[in-house]
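Kindly generate the complete structure, drawing on both the sequences and the hints.
So the protein sequences, as listed, match chains A and B. For the first sequence, counting from 1, position 309 maps to 309 in this note's numbering; every step adds exactly one. For the second sequence, counting from 1, position 84 maps to 84 in this note's numbering; every step adds exactly one.
One or more hints might be untrue.
Said to hold, decoys possible - Derived DSSO-like pairs: lysine-lysine, alpha-carbon spacing no greater than 27 Å straight-line:
(1) Lys-186(B) <-> Lys-221(A)
(2) Lys-221(A) <-> Lys-150(B)
(3) Lys-186(B) <-> Lys-309(A)
(4) Lys-186(A) <-> Lys-150(B)
(5) Lys-150(A) <-> Lys-186(B)
(6) Lys-221(B) <-> Lys-186(A)
(7) Lys-221(A) <-> Lys-309(B)
Calculated from the structure, these hints are not laboratory results.
2 protein chains.
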Amino acid sequence: MKFRHFSRVVIPAVACCLIIAQPVFSQVAPDDPLPSWNDSATKTAIMDFVRKTTEEGGPQFVPADDRIATFDNDGTLWSEQPYYFQLAFALDRVKSLAPSHPEWKTKQPFQAVLENDMPTLMAAGERGLVELVMASHAGMTTTEFEVIVKDWITTAKHPKLQRPFTDLVFQPMLELLTFLRANGYKTYIVSGGGIEFMRPWVETVYGIPPEQVVGSSIQLKYEVRDGQPVLVRLPAIDFIDDKVGKPVGIQKFLGRRPIMAFGNSDGDFEMLEWTTAGDGPRFGLIVHHTDAAREWAYDRKSAMGRLDKALDAAPMRGWVVVGMKEDWKVIYPFETTSTK
Amino acid sequence: MKFRHFSRVVIPAVACCLIIAQPVFSQVAPDDPLPSWNDSATKTAIMDFVRKTTEEGGPQFVPADDRIATFDNDGTLWSEQPYYFQLAFALDRVKSLAPSHPEWKTKQPFQAVLENDMPTLMAAGERGLVELVMASHAGMTTTEFEVIVKDWITTAKHPKLQRPFTDLVFQPMLELLTFLRANGYKTYIVSGGGIEFMRPWVETVYGIPPEQVVGSSIQLKYEVRDGQPVLVRLPAIDFIDDKVGKPVGIQKFLGRRPIMAFGNSDGDFEMLEWTTAGDGPRFGLIVHHTDAAREWAYDRKSAMGRLDKALDAAPMRGWVVVGMKEDWKVIYPFETTSTK
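Listed below in structure tokens is the structure:
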């Protein structure tokens, strides 16, 4: 995780989309599994890959067991601006724990959180972030943490858009997940985000059950308290599921190589490399944030995220690059429902 | 893992079972999903639990997503005598690597392996065992290791019974796995054994895919060699999936608590405790090795294994204890096919 620009101006995406959503949906063929995707080469590439890998007796047929598709989460399935949504969770959690920690008023990086002093918070860097994560994500049981996350995800609002964070998932990717599953693909999240931060809500939002989530984790300790066993979340890193950690996490959890992988940053480079280097049909896709009007626009060495090495590698390796502006009719689900 | 008595006499189980298998199978009702189980209270308990948890609208109904059943492997799904079968793999592997390691001729514990000197090997204890595991399980890529395991599992023979190790799976447990899956249960292995030692063959043998295997692991490192990405197995422990590690492994991999758990030793105590302490219907079962004639008989503080604390806890906690002698008509699948 790393901090992003907090100062940028958010374009009023909602109003914009209300205008374009109506004509978009009236043009869609009723049997189109990807109605929010423009009829571009990208959509054709996805449809062709699924068709050929599921065509029994065909030369590129893949048995259902091997139809594994892995998706990064932040920036691939939902937005990640102005900062990772899990950081918003950490900030909110520090604020709600503050009454029990009077020392935080004068201790960084906590003081910066409590004073909404983003420049100081950014200056605390990765070490400061780890301190925040441990203070906000550890010390409770797994059951307690699940309740905390569920409560937050249903009540918290995006700092700019003032909508629940789960409103900010990408409608075209929801359709893609559904389409792949309808074709016998097993869909997994493989994210640098916290595994137990995602599990409580991804089944409802993405249709992905907790056992199909791979992510970063802190250590757990088994204890019996008053006769009841619990798993306590310890303030110590267990696994970082990012960059080279992604193929490692995939092997640890799945024990087989995916045939499709979807990401949006250099943190996904190795997952795409590992996935597409296997034998037989392979598919790699990068979501390129090109839509400053409806979402955000960033790549390369932007402070908002980094898509540099992977963007350069894409043409050579045959990875499909989705331009959000060019390829997606709508970004968020509320754009489709708000016109009905 | 720990060493067991190597000196015991193996009763000729095969001949014995050839005699009893014929009448057993002619008595079975055609629609009985557990034909190798005697009609005992144990079988009734299993059938009742599955019936009530799958009865839609019933008070004990469990949605399909939560029907998770976890199985220990060694001693629960297949035999584990005269020593864990993975140790047999390690010993065979050390022998096949020996030509490249002339120093092993005079270096323990390798010398003991090469000279079949079991007492010295046992005396090397856990430290010696870890040395053997690292020498035999690390240093290659995950793809290479998979080939090594597949080759071994299809060619190696049990040291006493002279059969492939996969012949020594328990027929009643195979039926139970199939029965549970037919009722919407997702079956997982949660074993102290090596996760990548099991994955190459458990799908064929148990019908359990690689992504439903939780086990002990060594660390992996992502590398690109001559343009090809590989995952290298490092000689360093990553996770021990035994005792308190079992609930931790379950949470890491599944993110939810099973409602059924099956084990055979004190190494499974915490998995059973964690599983059966949850709300709603819960089921814990211990396979008790009581059949010296057809398999092996051991429990308590035996050098062959330890089932002590869990056996004492079973009545208080409502865990079902399966006596292999009393509850199982046949032990191994070949007992049923050899009479056909």
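Between the alpha carbons of Lys-221(B) and Lys-186(A), is the straight-line distance 27 Å or under? With a Cα-Cα distance of about 25 Å, the restraint between Lys-221(B) and Lys-186(A) holds, given a limit of 27 Å.
Below or equal to 27 Å on CA atoms is what counts here, so check Lys-221(A) against Lys-309(B). holds, 21 Å
Against the 27 Å threshold, does the CA-CA distance of Lys-186(B) and Lys-221(A) hold or violate the hint? holds, 25 Å
Lys-150(A) paired with Lys-186(B) [C-alpha distance capped at 27 Å]: Holds: Lys-150(A) and Lys-186(B) sit about 25 Å apart, inside 27 Å.
Given the proposed pairing of Lys-186(A) with Lys-150(B), does the C-alpha separation stay at or below 27 Å? holds, 25 Å
Restraint status (C-alpha distance of Lys-221(A) to Lys-150(B) at most 27 Å): violated, 34 Å
Under the criterion that the straight-line Cα-Cα distance not exceed 27 Å, is the pair Lys-186(B), Lys-309(A) satisfied? violated, 40 Å
Violation of the numbered hints given earlier is confined to hints 2 and 3; the remaining hints are satisfied by the structure.
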